[in-house]
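This is what each chain is made of:
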Amino acid sequence: MPIPTGSQTIGPFFRVGVDRPAWSDLTREGASGTAIRIEGTVFDGDGAPVPDAMLELWQADANGHYADLDDNRPLPADAHFRGFGRVCTDDAGQYAFRTVLPGTAPEPDGTTQAPHANLTIFARGLLKRLATRIYFADQPSANAHDPLLRSIADERVRGTLIAQPVASADGLAVYRFDIVLQGKGETAFLAV
Amino acid sequence: MIAPGRRRFGPEIPGTQPPYDWPAYVSTIKRHPTREPLALAHTLSELTGPMFADGWAGVDQVDLTRLRPGAPEAIGQRIIVTGRVVDEDGRPLRNTLVEIWQANAAGRYYHRDDQHDAPLDPNFTGGGHVLTDDEGRWRFLTIRPGAYPWRNTYNAWRAAHIHFSVFGPAFASRLITQMYFQGDPLLETDPVYHAIPEVSARERLISTYDADLSEAEFALGYRWDIVMRGRSETPMEGR
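If you read the protein sequences in the order shown, they are chains A and B. Terminal number for the first sequence in the working numbering: 340, no gaps in between. Terminal number for the second sequence in the working numbering: 261, no gaps in between.
Isolated chain B (complex conformation) (with noise of 0.2 angstroms):
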């Protein structure tokens, strides 16, 4: 347990988020706020945030390859995917919720209104979760994700990627974000990617192929950490 305001949330770092207003981005020209988002000192309201070490997300759910175990088997490249969550001092995040979504192979989403002309697989959904473990590791197992067109703007196609959802130990450490793949040649027209400035921050999104990490015969492995903002100069217990 840390003493509270202890842990610290420093600001913005320059260059490392993207902006709200992004007209390449069509999306954000009639979402995004006008006003400058109001400063304010954080408090307990900040600086807490929801634990799930108990159990209360469910059961784990790693393996996006099968509907349940036994079920007939999703089509497509089979990938590991895995890494670590820790924070800005290096330091592993347990027990944070990790939540992944994705398009199947053929780059279609199992959603209603996923209009994209290309098969749904009867035997994936592509939606996952796990609680990282004592050293911040979490790890799926699933196919890798088709890219897909979308009408931003004219034969446009989003970069191949897996949608994150990260908690991280305060309402102010909250990231939904994505990951990508090595070697993507879409990446260098992506209007989401490149709407993180700094180059250097913008290549964190993409996982990289290891090989040590494929299994033989099986299936290929990705290795893609997760930093989560704050600081904290004792480690964490207990979360």
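Just chain A, same shape as in the assembly (with noise of 0.2 angstroms):
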């Protein structure tokens, strides 16, 4: 049986293949929902931003159905919400996502998870993807029952995973989720 093609890095020069700038904003074919943006920086062990990283989102729409057909729970699907986005981090290290906040629903096992959007993160330097969860500090009950939070004993480790809504200008839900790559305050990334 053939074993999977090995990764390698993204290099400093990806843009010319996959920056979309468009696909940064997941509800621009008018998905519904509570719409919001989660923004933040990519820092490095230096604490310094990374201004070379690729972002992708990947999360339910708002009944927390995912647009892919082996969802194949019943659930009402938004049709106008893929729940794919990607953007590539600015000189500063910044990065924005529009996306509207996912819903939830059983797994096919009857477990439930906390709203979350999934994350992977390429940069120079990374010879393979990073992973890791977003969750939403104004959802408690939800995150304390969700099986990845609960099996995080340190609950600073736990705390990396959970955007926290700052003020917004534009009457936006905004949350503010920081990604650390190595030292103080390193992000829980996952062995997917």
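It is worth saying that the hints were derived from the structure and are not from the lab. A couple of the hints might just be wrong.
[What the hints assert, rightly or not] Here are the simulated distance ranges between beta carbons:
id: 1; chain 1: A; residue 1: P224; chain 2: B; residue 2: H138; range: 25 to 31 angstroms
id: 2; chain 1: A; residue 1: P150; chain 2: B; residue 2: H138; range: 34 to 40 angstroms
id: 3; chain 1: B; residue 1: L208; chain 2: A; residue 2: A315; range: 47 to 53 angstroms
id: 4; chain 1: B; residue 1: D234; chain 2: A; residue 2: R168; range: 49 to 55 angstroms
[Said to hold, decoys possible] Negatives, chain A to chain B, calculated, CB over 12 angstroms:
id: 5; residue: P160
id: 6; residue: A290
id: 7; residue: I310
id: 8; residue: R324
All C-beta atoms in this analysis are idealised placements derived from N, C-alpha and C, irrespective of residue type, glycine included.
Could you fit the two chains together into a complex? Lean on the hints.
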């Protein structure tokens, strides 16, 4: 049987191949639900911003349904929400996605996760992708029952997965989610 | 359509993937995490992934040698690069998005921050993308990329390569990698290439020259297949 192809770094010069500025707005096709912005900065082990990272979001729609035929749970699906976004960090290492607050629904095995978005990080200096999840601080009850969050004993580590509401100038609900690749405050990455 | 849970993504096979901490590639030193990634039972979050079959990613761009049909041609050795995307059972992955980018024939990227003193080609930007067909096949016409120097160590040169971004069926299968060229002497010392521990796994990143793919009086042909993580117990339908 063939073994999976090995990963290699995205390098620093990926924009001509993968930069799709429109893809940072997951609501652009008319998604239903609560529009939100998730924004933050990617930092390296010196606390310096990472200006050559590419982030990808994968999340359920406001009903908790993933826009994939393999999610065949009996849920209403938002035909105007693809659930996939991509953004490249800017010179200050910053990024922002506009999306909707993901819903949640029981898994096929009956367990229920808290609302979350799945995030992939590629960057120069990363030989393979990093994966993590974005949860939302204003969902304390759901977060308290989430299987992944409950599995993380260290509160500081768990806290790196939780986006915090911040004030916004434009009326949109905004959450801050910084990503620390290494060292103090290092984000909890997941072995997906 | 496959019932959830019937697609499986096993753990990484030792030796077949690079580590995060690989000081020979200097950029990893301040960017690799220090904790092991947390174990996670797969849920629909990992077992599903974006679908592109309806053309959501835009019209295929498979000819990198011209910025648009009829435009002047880029300079360099024309090559045809083609292959298949399959899963660990060898099943084709259809309608999966393959994106590529590369340096031009002189070893220069179309990118603000590429300061290598080599000429830009006004007729070449070096990006393309395509959806795989029903057999998992993809094909690009491009220019053989030049090698280029980088400041990883003194007088270091990257082996010639084309970057590939592939999705596969799920969040769990997402892959970005690089395709190399058979016989490139720079592969002996390239620390990115050598980050994959097992020789056999490493060598799978090297495309092979295939005379049957070459087109007479026109272009050389190279073949390279991509294996995505994951197995499925039923054929993939409808993706």
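Now the hints, each set against the structure:
| no. | hint | in the structure |
| --- | --- | --- |
| 1 | A/P224 <-> B/H138: 25 to 31 angstroms | violated (52 angstroms) |
| 2 | A/P150 <-> B/H138: 34 to 40 angstroms | holds (35 angstroms) |
| 3 | B/L208 <-> A/A315: 47 to 53 angstroms | holds (51 angstroms) |
| 4 | B/D234 <-> A/R168: 49 to 55 angstroms | violated (35 angstroms) |
| 5 | P160 | violated (6 angstroms) |
| 6 | A290 | holds (14 angstroms) |
| 7 | I310 | holds (14 angstroms) |
| 8 | R324 | holds (20 angstroms) |
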